[in-house]
Amino acid sequence: NAGVTQTPKFQVLKTGQSMTLQCAQDMNHEYMSWYRQDPGMGLRLIHYSVGAGITDQGEVPNGYNVSRSTTEDFPLRLLSAAPSQTSVYFCASSPSGYSYNEQFFGPGTRLTVL
Amino acid sequence: GQQVMQIPQYQHVQEGEDFTTYCNSSTTLSNIQWYKQRPGGHPVFLIQLVKSGEVKKQKRLTFQFGEAKKNSSLHITATQTTDVGTYFCAGPQGGQGNLIFGKGTKLSVKP
Numbered sequence: 001n002a003g004v005t006q007t008p009k010f011q012v013l014k015t016g017q018s019m020t021l022q023c024a025q026d027m028n029h030e031y032m033s034w035y036r037q038d039p040g041m042g043l044r045l046i047h048y049s050v051g052a053g054i055t056d057q058g059e060v061p062n063g064y065n066v067s068r069s070t071t072e073d074f075p076l077r078l079l080s081a082a083p084s085q086t087s088v089y090f091c092a093s094s095p096s097g098y099s100y101n102e103q104f105f106g107p108g109t110r111l112t113v114l
Numbered sequence: 001g002q003q004v005m006q007i008p009q010y011q012h013v014q015e016g017e018d019f020t021t022y023c024n025s026s027t028t029l030s031n032i033q034w035y036k037q038r039p040g041g042h043p044v045f046l047i048q049l050v051k052s053g054e055v056k057k058q059k060r061l062t063f064q065f066g067e068a069k070k071n072s073s074l075h076i077t078a079t080q081t082t083d084v085g086t087y088f089c090a091g092p093q094g095g096q097g098n099l100i101f102g103k104g105t106k107l108s109v110k111p
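Going line by line, the protein sequences match chains A and B. With the numbering used here, the residue at position 55 of the first sequence is 55, and numbering never jumps. With the numbering used here, the residue at position 52 of the second sequence is 52, and numbering never jumps.
Worth flagging that the hints you see were computed from the coordinates, not collected in a lab. Positions of the beta carbon are idealized from the N, C-alpha and C atoms, including for glycine. A portion of the hints provided could be inaccurate.
Distance ranges between label pairs, derived from CB positions [to be verified]: (1) A:G3 to B:P39: 17 to 23 Å; (2) B:K57 to A:P95: 22 to 28 Å; (3) B:S30 to A:D73: 38 to 44 Å.
With a straight-line Cα cutoff of 27 Å, these simulated BS3-like cross-link-like pairs (lysine-lysine) come out [said to hold, decoys possible]: (4) B:K106 to B:K56; (5) A:K9 to B:K36; (6) B:K36 to B:K59; (7) B:K103 to B:K59; (8) B:K106 to B:K70; (9) B:K36 to B:K103; (10) B:K56 to B:K103; (11) B:K106 to A:K9; (12) B:K103 to A:K9.
All chains, full assembly: derive it from the sequences and hints.
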């Protein structure tokens with residue numbers, strides 16, 4: 001199993017550009033989520049999904065969209081990039097939307113918005 | 001809203017010294033998880049505590065869950081350079097598998 005994979009690893013955008021961060025898992029996990037990590041801020045939840053076709057907002061959803069058309073994939077879209085979205089983005093998955101499950105994190109995407 | 005706080009934010013130790021990080025929640029938790037993130041890496045699950053007063057050990061690491069299930073601690077005995085990284089605690093939020101993370105304690109170990 002590859003676990004949770006994310007592409008790209010690094011990305012530089014200009015303000016106003018859009019892009020999609022890819023996330024995939026091959027563990028047949030129902031729950032998937034996106035976090036952003038900023039210095040001194042820990043991990044903050046952007047969006048999450050408890051199954052294919054179901055998504056919901058987390059703590060910091062503004063400026064981001066998600067969709068979940070398959071169990072495996074959970075892409076994160078930046079609609080119009082802003083410098084405040086410069087961050088490290090982690091995708092995570094767990095077997096189900098039940099809080100007793102550990103979360104498996106991808107390697108992250110380091111995004112810089114100029 | 002629900003908050004999870006960790007102290008200290010940073011800890012610098014000499015190799016061989018002990019290290020402890022503390023986690024406090026504003027609400028009672030059904031469980032608490034701990035993760036480790038190496039520099040430049042991603043968070044990796046260490047352990048989950050569920051029962052009030054629970055203590056679990058992993059080699060030199062000891063994890064405790066408070067009696068009121070609102071606080072937890074991670075203690076590392078005789079730190080090694082391989083222990084370097086940021087340690088996060090996380091508790092459930094919202095009941096749908098979401099976690100709320102503390103801001104982490106960054107541990108550096110001087111050889």
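Range hint compliance [Cβ, S30 of chain B to D73 of chain A, 38 to 44 Å]: About 30 Å separates the Cβ atoms of S30 of chain B and D73 of chain A, which means 38 to 44 Å is violated.
Run the distance test for K103 of chain B versus K9 of chain A: straight-line Cα separation, threshold 27 Å. Roughly 23 Å between the alpha carbons, so the hint for K103 of chain B and K9 of chain A holds.
Holds or violated: K36 of chain B and K59 of chain B, Cα atoms, limit 27 Å. holds, 15 Å
Decide if the proposed pair is consistent with the structure: K106 of chain B and K56 of chain B, CA atoms, cutoff 27 Å inclusive. holds, 22 Å
For the pair K57 of chain B and P95 of chain A, does the Cβ-Cβ distance stay inside 22 to 28 Å? Holds, since K57 of chain B and P95 of chain A (Cβ atoms, about 25 Å apart) stay within the stated range.
Given the hinted pair K56 of chain B and K103 of chain B, is their Cα-Cα distance within 27 Å? holds, 22 Å
Does the alpha-carbon distance linking K103 of chain B and K59 of chain B stay inside the 27 Å limit? holds, 25 Å
Keeping to a limit of 27 Å between CA atoms, is the pair of K36 of chain B and K103 of chain B held or broken? holds, 12 Å
Can the restraint linking K9 of chain A and K36 of chain B be considered satisfied, given a maximum Cα separation of 27 Å? holds, 20 Å
Evaluate the given range 17 to 23 Å for the C-beta pair formed by G3 of chain A and P39 of chain B. Since the Cβ atoms of G3 of chain A and P39 of chain B sit about 20 Å apart, the hinted range of 17 to 23 Å holds.
K106 of chain B and K9 of chain A: Cα distance at most 27 Å? holds, 23 Å
For the pair we were handed, K106 of chain B and K70 of chain B, check the Cα-Cα distance against 27 Å. Cα-Cα ~22 Å, so holds.
Going down the numbered hints, you'll see the structure goes against just number 3.
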